[in-house]
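> Chain by chain, the residues:
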Amino acid sequence: MNKKRFLSWQAALLVLSLMGVGIAIYLTSVHYEAVPLVCSARGLIDCARVLASPYSVIPGTTLPISLPGLVWCVVSAGAALTGLTVLAGRRWLYIAQCAWSLSAMLVVLYLVYVEIVRLHTICAWCSALHAIILAQFLITLLLVQQPAGEQEADVEREQPAVTARKQ
Amino acid sequence: MAKTKQQNGPTTKSREQQRNLEQKSKQSTSSRTRSRNIRRRTSRQRPWLLIGGVLLGLALIVGVFLFLANQQSSNSGTQGQTDVAVLNMVSTVKPSVLAQVGTGGIQNILQGTPAGTRLLTGPNGRPQFFYYGAEFCPYCAAQRWAVVVALSRFGTFTQLPETTSASDDIFPNTATFTFYHSAYSSSYLDFVPVEAQDRNRHTLQIPTADQQQIINQYNFTGFPSIDIANRYLILGPLFSPDVLTGLSQKDIASQLSDPTSRVAQNILGSANYMTAAMCVATHNQPASVCTAAPIPSIEQSLPHTALSSGGVQVAAIPESLVIDTRWQVRNEMASMRNEQAW
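Keeping their order, the protein sequence lines are chains A and Y. First residue of the first sequence: 1, per the numbering used here; consecutive thereafter. First residue of the second sequence: 1, per the numbering used here; consecutive thereafter.
What the hints contain is simulated information worked out from the structure, not anything from laboratory work. Hints may contain errors.
Label-pair ranges, simulated between beta-carbon atoms [claimed, not checked]: (1) A:A135 with Y:P95: 54 to 62 Å; (2) Y:Q212 with A:A135: 30 to 38 Å; (3) Y:N108 with A:V57: 39 to 47 Å; (4) A:P54 with Y:Q79: 24 to 32 Å; (5) Y:E22 with A:L87: 27 to 35 Å; (6) A:L7 with Y:L60: 14 to 22 Å; (7) A:I25 with Y:L68: 48 to 56 Å; (8) A:L44 with Y:H181: 54 to 62 Å; (9) A:P54 with Y:G52: 35 to 43 Å; (10) A:S103 with Y:N284: 52 to 60 Å; (11) Y:L68 with A:S103: 50 to 58 Å.
Pulled from the structure, derived: some chain Y residues nowhere near chain A, Cβ distances all over 12 Å [claimed, not checked]: (12) P95; (13) T245; (14) S297.
The beta carbon of each residue, even a glycine, is placed where N, CA and C say it ideally should be.
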């Protein structure tokens, strides 16, 4: 994977994180009834039911669960921005991003369990955020999978060495 | 084309040697490049295999979730006549278990009524426990368990049909009872339930004018809502139906004897709050209930409510209950006509 592609993936991570920030801010606003909820209200997809359930807040508090989601997205965006600029090409950053995404994936799995098994209802906005986190996780897996050696080889390919000696 | 020029001298030799060296170097470079390209192709495929594996794994996990959800729906409670065994378990919870549970960690959401509010009495002139709910409602499904446990300490349910909350709502098919066609008698309280809708959200019981007055006065905007003799209001569920998910009525009732179980703590903790509120309304009668732990301490923690000395019967018997001959209240009225008023 050449340097350009690494940067494209980081740009994708940044865009996804910013989308996540937007959704998390919206869900938090809905929780505090600052904005109306735009979502299906019957059948399997019913955002209101899910967001009104006891699982919509951090256990033991009244803080909406979208708040930690917002924090997660902001940190992800920051890491992606760093990966585009000062820490471009640093493998340890990709590993950190992958670990960060994995932690969010575990929470996503729990929340999906709650929606399907406990509530039998899906929240569309929550699922959009879950999909964003999944996409970020998969991208960071791709980044981490590229061995460091390959980067050097790609650099070599881009700058071919003179092998023939003039006679 | 083979060269036939005769090799003569060191210059030609060295040129040939150089040519051989260049050829060898080119060959090794191209083989290195070839193997690097092969490695690159393989390493490019590996991440995508991993991605595919991860997605497959996630799909399997979601499949397991869907299976579990289906299992829960099939293990849900029954609907129908009174289950005597269940009724017995839920109405004879040991005082020691109730004492051990205490509040069960339940948050106190009871609200006191404004000072000077007249005591709400029922058709028999006793403090009225007015319940306003609906059969489809899962939060009502949870609350009814606590209501039955609490009321059983002041009287007796002889009929308590079983049902489940709506299957298409949150916490679907929560096993519970229905107060529609239930029968309760007590020397201390008048229990007046209204199940406004059945589990398909069709109108079931319509509040009377007096009951509607209570609903309007205290802004009963949702189900369940409870008015305990105009002394305390419970506007909403005391605990989440989540703890009852996937359990039948028998499962739930059998856990009420274990004070450490989450089911018992939620139901009995809520029942203790209701019991304490009812004790305030009944002036701590019966004493065996109202002086037993943890009721006195919970009473102390309830919001202060000014007791009015006079009691006015606000709610008459709902028409639907008069018509329903299975209502014990109606029978109680006939037998209590000559008894001393409370």
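> Each hint needs a verdict: does it hold in this structure or not?
Going down the list of hints, with the structure as the test:
no., hint, verdict
1, A:A135 with Y:P95: 54 to 62 Å, "holds (57 Å)"
2, Y:Q212 with A:A135: 30 to 38 Å, "violated (53 Å)"
3, Y:N108 with A:V57: 39 to 47 Å, "violated (19 Å)"
4, A:P54 with Y:Q79: 24 to 32 Å, "holds (26 Å)"
5, Y:E22 with A:L87: 27 to 35 Å, "violated (42 Å)"
6, A:L7 with Y:L60: 14 to 22 Å, "violated (34 Å)"
7, A:I25 with Y:L68: 48 to 56 Å, "violated (32 Å)"
8, A:L44 with Y:H181: 54 to 62 Å, "violated (32 Å)"
9, A:P54 with Y:G52: 35 to 43 Å, "holds (36 Å)"
10, A:S103 with Y:N284: 52 to 60 Å, "holds (54 Å)"
11, Y:L68 with A:S103: 50 to 58 Å, "violated (24 Å)"
12, P95, "holds (30 Å)"
13, T245, "violated (6 Å)"
14, S297, "holds (24 Å)"
This entry does not satisfy hints 2, 3, 5, 6, 7, 8, 11 and 13, going by the numbered hints stated previously.
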